[in-house]
Amino acid sequence: MAVETARTEYWRWTESRWTSPDIDWRNGGVISGGVDVGSVSTQAVVMVDGKLYCYSNMRTGSDSPESANQAMAWALDGTGLTIDKLHATVGTGYGRVNVPFATKAITEIACHARGGNFMYGPSVRTILDMGGQDCKAIQCDEKGKVVSFLMNDKCAAGTGRGMEVFADLLGVHITEVGQLSLKVETEPPPVSSTCVVFAKSEASGLLRQGWAKERVLAAYCSAMAHRVGTLLERIGVIKEFAITGGIAKNPGVVNRLAKELNIQPLTTTMDSQIAGAIGAALFAKALHEKKGRS
Amino acid sequence: MITAGIDCGAKNVRAVILMDGRVAGKASVPAGMDAASGAEKAFDAALKEAGIARTDVSKIVSTGAGKNEPRFTNDVVTEVGADARGIHQLYPEVRTVIDVGAEEGRAIRLDARGKVVDFAINEKCAAGAGAFTEAMARALEVPLEELGALSLASTQAIPMNAQCTVFAESEVVSLVHRKTPKPDMARAIHDAIADRIASMARRVGIEEKVALIGGVSRNVGFVKSLRDELGIEIILHTDPEFVGAIGAAVVATDQ
Amino acid sequence: MLANYGYKDGSGEFFIVVDTDKCDGCGACVPACPAGVFELVENQYDIDAENPIAAVTKEHSKKLKYSCGPCKPASGYDKAGMACVKSCETRAIEHSW
Ligand code: SF4
Ligand code: SF4
Numbered sequence: 001m002a003v004e005t006a007r008t009e010y011w012r013w014t015e016s017r018w019t020s021p022d023i024d025w026r027n028g029g030v031i032s033g034g035v036d037v038g039s040v041s042t043q044a045v046v047m048v049d050g051k052l053y054c055y056s057n058m059r060t061g062s063d064s065p066e067s068a069n070q071a072m073a074w075a076l077d078g079t080g081l082t083i084d085k086l087h088a089t090v091g092t093g094y095g096r097v098n099v100p101f102a103t104k105a106i107t108e109i110a111c112h113a114r115g116g117n118f119m120y121g122p123s124v125r126t127i128l129d130m131g132g133q134d135c136k137a138i139q140c141d142e143k144g145k146v147v148s149f150l151m152n153d154k155c156a157a158g159t160g161r162g163m164e165v166f167a168d169l170l171g172v173h174i175t176e177v178g179q180l181s182l183k184v185e186t187e188p189p190p191v192s193s194t195c196v197v198f199a200k201s202e203a204s205g206l207l208r209q210g211w212a213k214e215r216v217l218a219a220y221c222s223a224m225a226h227r228v229g230t231l232l233e234r235i236g237v238i239k240e241f242a243i244t245g246g247i248a249k250n251p252g253v254v255n256r257l258a259k260e261l262n263i264q265p266l267t268t269t270m271d272s273q274i275a276g277a278i279g280a281a282l283f284a285k286a287l288h289e290k291k292g293r294s
Numbered sequence: 295m296i297t298a299g300i301d302c303g304a305k306n307v308r309a310v311i312l313m314d315g316r317v318a319g320k321a322s323v324p325a326g327m328d329a330a331s332g333a334e335k336a337f338d339a340a341l342k343e344a345g346i347a348r349t350d351v352s353k354i355v356s357t358g359a360g361k362n363e364p365r366f367t368n369d370v371v372t373e374v375g376a377d378a379r380g381i382h383q384l385y386p387e388v389r390t391v392i393d394v395g396a397e398e399g400r401a402i403r404l405d406a407r408g409k410v411v412d413f414a415i416n417e418k419c420a421a422g423a424g425a426f427t428e429a430m431a432r433a434l435e436v437p438l439e440e441l442g443a444l445s446l447a448s449t450q451a452i453p454m455n456a457q458c459t460v461f462a463e464s465e466v467v468s469l470v471h472r473k474t475p476k477p478d479m480a481r482a483i484h485d486a487i488a489d490r491i492a493s494m495a496r497r498v499g500i501e502e503k504v505a506l507i508g509g510v511s512r513n514v515g516f517v518k519s520l521r522d523e524l525g526i527e528i529i530l531h532t533d534p535e536f537v538g539a540i541g542a543a544v545v546a547t548d549q
Numbered sequence: 550m551l552a553n554y555g556y557k558d559g560s561g562e563f564f565i566v567v568d569t570d571k572c573d574g575c576g577a578c579v580p581a582c583p584a585g586v587f588e589l590v591e592n593q594y595d596i597d598a599e600n601p602i603a604a605v606t607k608e609h610s611k612k613l614k615y616s617c618g619p620c621k622p623a624s625g626y627d628k629a630g631m632a633c634v635k636s637c638e639t640r641a642i643e644h645s646w
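These protein sequences, in sequence, are chains A, B and C.
Here the first sequence stands for residues 1 to 294, numbered as in the working numbering.
Here the second sequence stands for residues 295 to 549, numbered as in the working numbering.
Here the third sequence stands for residues 550 to 646, numbered as in the working numbering.
Source of the hints: derived by calculation from the structure; they are not laboratory data.
In this text, all values refer to a predicted model and were calculated from it rather than measured experimentally.
Any given hint could turn out to be false.
Stated by the list, open to error - Restraint ranges, calculated between C-beta atoms of paired labels, are given here: (1) A:R26 / C:A632: 57 to 67 Å; (2) B:E440 / A:K143: 52 to 62 Å; (3) C:K635 / A:G210: 50 to 60 Å.
Note that beta-carbon positions come from the ideal geometry of N, C-alpha and C, so glycine has one too.
This is chain A alone, in the form it adopts within the complex (with noise of 0.2 Å):
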């Protein structure tokens, strides 16, 4: 796949924009769009009769609206489609509501399990996203329908915010955060604080005793991989396993994952992003189909 990408900012992932060069929307029957607006980045789907036609992944500017028209603007942009031609679309995450051309807003939760299933496969049973803020666990059936799940966005331990704290006191880029903490040559314990204040405080430490940034990011590499590893209890990992979002970027927190719950989680050629917004448009087919039946 030929994926673009522009404007990169030094704590955020890089944006990206991506065109089926398979499909004519101009063929198709039910175009739906999708938007995920989350706190930190916003990604605009849409599906010509379920299939991915083009998709957009930015970063949330300060004001919701306006971010979810950018997305979809950009999503949009040399396909010749427009807004008004989206039969239905939904909106999800965050700023769900924030979505000034959404016929309804959908929970990410539902949306991210939806996304995660035409991504991954119907296989797919466990799905882990890990947000800018928050992190979600989801346990799905085949069809994408959710079976349990957590949400927790109350603490920034195991969010990409806890990541991003680590990558700036380390003056790192948050994209080599990850290849960077796997060129250790031994594993060096957890960072053990679970609280990002009270972990950077001992990784200041660290580095006061002379530990080198590739090893303090390994140490806290490990302990997010350790940290989400215990929150996936709750619901319990069962295969096929799935991650999404800005962590699934990120190796040194996979790999390490993968490790300790003994699942190599799946892949995707798409942008690990996308699931809420492909969800979200998902159940924006759906609407618009039921809304032709009734």
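Following the hints, complete the assembly by docking chains B and C with the ligands onto the known chain A.
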């Protein structure tokens, strides 16, 4: 009888020399990287203030998170035990003591004889302790010592949504961008932590008189927010951060 | 479906679990809880569902340990005796701590 109490806290080590029930010397030094050497320093400084030598002290008891670090002490007592003994010695009428330190908050209920009936602890989450106000002062770019006085000048209560120190930092930064008056933000910070400390205290069943101890009780803004939240009078000792060390020194007088 | 509302932070794990297969949307827990922890919401997990379901409000899900403090005295408590658990006839509400 001369005894000593050493409180090895997360941020500071405090030493107290107790001579026949009276505080003859006290000292506080930053804990630094090594609690053991901090304890030595604090102990020596307290001895100096009391004008006595180590050999004059018949028993030394330590408490606090690092209570097992110093080598020269004779015994240890839990933080809850030390707080209870200390407050009962100073204010026998107190039934509930709330201790807010840099990394931990505690609420303890005592009976008329000073025995611990119940206690609750907030630990390992910076949002429930002094580390929260420290981080918020940094985000507001106000020295920690001024944060309390600043919040007394607030004219309106604004809510704070984040319950995590890290997320609260971002919230404060965005409030700053929106030009929210600093006194109101300072108050929001103290209201938020007072709310958490109060609900922890409610778990032990608040019974008057209530005393507030620990380093964070130096913060007048926090004290006001806690008073407002609990709606009762709160006793404040002149040296609220030394009560744990005093308690340890009192424990040392036991046979 | 088992909906886990709450969080895990440095100090522990604090979750209220609502079993949406048991919850019939009667709403008894809403006034029963002295802290106002519950609300009734549309069941978005099942597109065909007609009943609303009980959920923990966004605000409380980030401070459950504190919201439920008064119901959970430090001296000990019986989970089955808490107002929310007692109010629910179908036994859809459980606490993790
Ligand atoms: S443990 Fe630390 S990171 Fe987690 S909520 Fe508390 S303050 Fe935030
Ligand atoms: S334990 Fe008490 S405060 Fe908590 S949800 Fe139940 S009734 Fe409400």
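Here's how the hints hold up against the structure:
no. : hint                        : in the structure
1   : A:R26 / C:A632: 57 to 67 Å  : holds, 59 Å
2   : B:E440 / A:K143: 52 to 62 Å : holds, 58 Å
3   : C:K635 / A:G210: 50 to 60 Å : holds, 57 Å
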